[in-house]
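K.L.:
In terms of the working numbering, the sequence shown opens at residue 377 and continues consecutively.
Read the hints as simulated data drawn from the structure, not as lab findings. Owing to the predicted nature of the structure, the values given are computational and were not obtained by experimental measurement. It cannot be assumed that every hint is accurate.
[What the hints assert, rightly or not] In silico DSS-like pairs for lysine-lysine, Cα to Cα no more than 27 Å straight-line: (1) Lys557 to Lys546; (2) Lys411 to Lys557; (3) Lys546 to Lys411.
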Amino acid sequence: MFFKRRPKPRNRSGSFNPFPADVDVWAGFESGIAKAPWEVENLHCDPQRSQQVMAQLELTEDSELGAMVAHTGGLVIDHGWVRLLGAGLGDLPDVATASPFTREDPHYLVLGVDVLGGIFAIDGTALGAGAGRLCYIDPTTMDAAQPTVRDLNVSHAQFMAWVLTGDVDKFYAPHRWDDWKEDIAGLSLNHGLDADRQPIRLSDLWEQAFPTVGLDVPRPQGF
C-alpha cells in the first residue's frame with residue numbers, strides 16, 4: 377500500500393504523543409474535534425465513495441489518511457479557513473481526485489487546503505522535501521520571506537493534532553485581518569480569496585499563482 381501506519385511516538389520525556397496508544401485513529405480524531413477551540417464541521421461520508429477512494433489509494437483505517445477517508449467527507453475548520461480532505465462531498469473533492477499522485481507519477485498527496493490557496497500535502501517526488509514529508513505549499517506572494525514549499529517537520533498524526541487543537545491562529549497571523557470571518561462566510565468549499573480578498577475558485581487562483589512563484593508542479597484537481 378502507499379501509506380502504512382507508523383508506530384505511535386513513545387510516551388517519554390520530550391516526545392509528542394498527540395493520541396493515546398490504546399485509542400484507534402478515528403477515535404483520536406473525534407476527541408480532537410470535540411476539544412477544538414474553533415468550529416469543526418464533519419461533512420457527511422458516503423460509504424460507497426469512501427470504499428472507492430480507500431481502494432484507489434490502497435488505504436486502511438488504521439492510517440491517518442485512511443481514517444479520514446473512511447469516516448468523513450472532509451473537515452471544515454475555523455469557519456472554513458481550512459478544509460481537510462476525506463471521501464469528498466459536494467464542492468470539496470476526495471483525496472484521490474485532488475491529488476496528482478499515482479504509482480507512475482507520485483507528485484504529492486493533498487491533505488487539505490486553506491482559504492488563501494495554501495495546500496497541505498505529503499510529498500511524493502515533486503516538492504523537494506522528500507518522500508513522505510508533510511509540507512505546506514504557499515502559492516501566494518503575501519509573505520516573500522517564506523519559501524513556497526515549507527517542510528512542516530511533523531508526522532500526519534501531529535499535523536492533525538495541531539490543526540484541530542493547536543495554534544492555527546499563530547500560523548496564519550500574518551494573513552488574517554479584523555473581518556476575515558465575515559469575508560469568508562458563505563464561500564463554497566472550492567473557493568478562496570485572492571490577494572484583493574475577492575472570492576475566486578481555487579483552481580483559478582492556482583492557475584495564476586503557481587507560475588508566479590515558480591511552482592512547476594501539477595495543480596490539485598477537482599476544485
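K.L.:
Does each hint hold? Answer for all of them.
P.N.:
Verification of the hints:
no.	hint	verdict
1	Lys557 to Lys546	holds, 16 Å
2	Lys411 to Lys557	holds, 21 Å
3	Lys546 to Lys411	holds, 18 Å
The structure is consistent with each of the numbered hints, conforming to all of them.
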